[in-house]
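Novice: Chain by chain, the residues:
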Amino acid sequence: MTPAAAMKVTTPTDREVVMTRAFDAPRGMVFDALTKPELVKRWLLGPPGWTMPVCEIDLRVGGQYRYVWQNADGRKMGMGGTFKEIVRPSRIVTTEAYEDYWTGGETLVTTELVETRSKTTLSTTVRYASREARDAALKMGATKGLEASYDRLDEMLKGETR
Amino acid sequence: MKPSSYALDATFAALADPTRRAILARLANGEATVTELAAPFDMSQPAISKHLKVLERAGLITRSRQAQRRPRKLEPGPLAEATDWIERYRKIWEANFKRLDAVLQELKSKQKKTVDALLDDVKPKPKKRRTK
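These protein sequence lines map, in sequence, to chains D and G. With our numbering, the residue at position 124 of the first sequence is 124, and numbering never jumps. With our numbering, the residue at position 120 of the second sequence is 120, and numbering never jumps.
Keep in mind that the hints were calculated from the coordinates and are not lab data. Mixed in with the good hints there might be a few duds.
[As the list claims (entries may be wrong)] A few chain G residues that face chain D, going by a derived Cβ cut-off under 8 Å, partial list only:
| # | residue |
| --- | --- |
| 1 | 40 |
| 2 | 93 |
| 3 | 99 |
| 4 | 100 |
[As the list claims (entries may be wrong)] Keeping only pairs whose Cα atoms sit at most 25 Å apart, straight-line, the calculated BS3-like set for lysine-lysine is:
| # | chain 1 | residue 1 | chain 2 | residue 2 |
| --- | --- | --- | --- | --- |
| 5 | G | 113 | D | 119 |
| 6 | G | 108 | D | 119 |
| 7 | G | 112 | D | 8 |
| 8 | G | 113 | D | 41 |
| 9 | G | 108 | D | 36 |
| 10 | G | 91 | D | 76 |
| 11 | D | 8 | G | 91 |
| 12 | G | 98 | D | 36 |
| 13 | D | 41 | G | 73 |
| 14 | D | 76 | G | 110 |
| 15 | D | 119 | G | 112 |
| 16 | G | 98 | D | 119 |
| 17 | G | 112 | D | 41 |
| 18 | G | 91 | D | 41 |
| 19 | G | 91 | D | 119 |
| 20 | G | 108 | G | 123 |
| 21 | G | 112 | D | 36 |
| 22 | G | 123 | D | 41 |
| 23 | G | 91 | D | 36 |
No residue lacks a Cβ here, since even glycine has one placed at the ideal position from N, Cα and C.
Given only the sequences and the hints, what does the whole structure look like? Please build it.
Specialist: So this is what it looks like as structure tokens:
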């Protein structure tokens, strides 16, 4: 059994957000799950009901990646960027930007994998251009969470008017 | 009892705008004045005030009586469920990571099967027992 791993979210500097989580697997495997499209598509989904029909990863320095999520109504959200650094199986640095979303602009995302006794701690550091951009994106993140409840509210309203 | 359709419509309409959702998210962290709320947006103060009015009408925010600044604050009542957005965002990531746990478990069991199969090949085979 996988022990219940707690996720930690911290803001070590004005421009950064760090998310940390431990996984019960060696880091080579976690690295694969983060970089192989057929695996990424299975877990990186967001709110319930969203799937990832597009997942393109050109895993080399200078290579691009692009993700597109879609919900049941056909609403789409795209995100992508460029690989800046790849050190298998311990480190990935990419740029990241949402396509249509109103966010804090392009960010630099550093993913680090540390293995201890065949468990891997994954830490994702998102660095924003400024404190303002980070705060805007945090609000945006909050808003993205709201999208899910917004959709549920929509469902509820459909029920109301029937 | 169900809330009235009118109230739900107002809430729904108020939430249908990304700027207003961002304002609510900001207010979830504490009271803020119109100037403070306008700061992160590339928008005039009157434009922000218009958004605030929509939120006020929907009962999602109120004005504090505090001094001249009259900071806006979030009213958790009409949308209590949606006030913990950060928590929801966190839940989305927790759900993602739980799915990642499952993917990793599957990879591990596949790897184990491959190793077992390899070991099987080098191990002397036990005699097959006939079964009727």
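Novice: Each hint needs a verdict: does it hold in this structure or not?
Specialist: So, going through the hints one by one against the coordinates:
1. 40: 5 Å, holds
2. 93: 6 Å, holds
3. 99: 4 Å, holds
4. 100: Interface hint status for residue 100 of chain G: holds (4 Å vs cutoff 8 Å).
5. G/113 x D/119: OK: residue 113 of chain G and residue 119 of chain D at ~20 Å, within 25 Å.
6. G/108 x D/119: 12 Å, holds
7. G/112 x D/8: Measuring from Cα to Cα gives roughly 30 Å; hence the hint is violated.
8. G/113 x D/41: Within the cut-off at roughly 24 Å; holds.
9. G/108 x D/36: Judged against 25 Å, a Cα distance of about 16 Å means the pair holds.
10. G/91 x D/76: 21 Å, holds
11. D/8 x G/91: 12 Å, holds
12. G/98 x D/36: 18 Å, holds
13. D/41 x G/73: 40 Å, violated
14. D/76 x G/110: 33 Å, violated
15. D/119 x G/112: Roughly 16 Å separates the two Cα atoms, so the pair holds.
16. G/98 x D/119: 15 Å, holds
17. G/112 x D/41: 23 Å, holds
18. G/91 x D/41: Status holds; Cα separation ~18 Å.
19. G/91 x D/119: Holds: residue 91 of chain G and residue 119 of chain D sit about 22 Å apart, inside 25 Å.
20. G/108 x G/123: 22 Å, holds
21. G/112 x D/36: Holds - the C-alpha atoms of residue 36 of chain D and residue 112 of chain G are around 20 Å apart, at most 25 Å.
22. G/123 x D/41: 38 Å, violated
23. G/91 x D/36: Distance of about 24 Å is within 25 Å: holds.
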